[in-house]
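Visitor: Here the structure of chain L is known, so what remains is to put chain A in place on it, guided by the hints.
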Amino acid sequence: SQQGEEDPQALSIQEGENATMNCSYKTSINNLQWYRQNSGRGLVHLILIRSNEREKHSGRLRVTLDTSKKSSSLLITASRAADTASYFCATDRGSSNTGKLIFGQGTTLQVKP
Amino acid sequence: GAGVSQSPRYKVAKRGQDVALRCDPISGHVSLFWYQQALGQGPEFLTYFQNEAQLDKSGLPSDRFFAERPEGSVSTLKIQRTQQEDSAVYLCASSSRQAGGRDEQFFGPGTRLTVL
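Those protein sequence lines, which keep their order, are chains L and A.
Sequential numbering of the first sequence, starting at 58, is according to the working numbering.
Sequential numbering of the second sequence, starting at 4, is according to the working numbering.
In isolation and in its complexed conformation, chain L is listed as follows (with noise of 0.2 Å):
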């Protein structure tokens, strides 16, 4: 079972665009973790987010969490051809002591040149 959902499921912009994912969850989190997937390759880590943090930077990327509403944002500004992949969230639970991810079922981004 996953934690939550990710919205949109695919979204589609020209380059230069930004582009927003937005992530729900259900319950306490330690943090919350945005991974990158390409087609056909393992997950790349973007960017951690702790329970106790509302945003976070790294270079294009911008992580909001709001955990009044359960929910995270990622942004990425200015976007290239080569953000083409799916985005996925994921939690790592307040009561879990393994630090295992709940991971959403993930955003499809294409990003036209």
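Be careful, since some hints might not be right.
[Unchecked claim] Facing chain A, according to a computed beta carbon distance under 10 Å, are these residues of chain L, among others:
(1) Q94
(2) L105
(3) R111
(4) A147
(5) N154
Please keep in mind that the hints were generated in silico from the structure rather than gathered at the bench.
As the structure is a prediction and not an experimental result, all values here were calculated from the model.
Glycine included, every Cβ here is placed at the ideal spot set by N, Cα and C.
Guide: Below, chain A alone, put in the same frame as chain L:
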């Protein structure tokens, strides 16, 4: 340094056959996780090791699935009497932190298992 490696990258098995999937984590990483990813879905947790101890196997779908990490480094996921519903990508991840450390996980490329 080398990342997480997995072998084989692709495996085709006939229904009923046993398979073994290998994971080489990043050297020195204490935590090792196995996930199963069905087509078009997000990964789902299978099992967790801290060094050689299997501390959580709550995600293993049946007793046909077995994982081990005898020396606290390389891990093997074994599936006995494979069924078609076992077809998926099996991902291995490692992390430097012990349980409770809460750190990013480094994923391998996965093994794509197809059961005919």
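Visitor: Check each numbered hint against the structure and report the violated ones by number, ascending.
Guide: Violated hint: only 3; rest satisfied.
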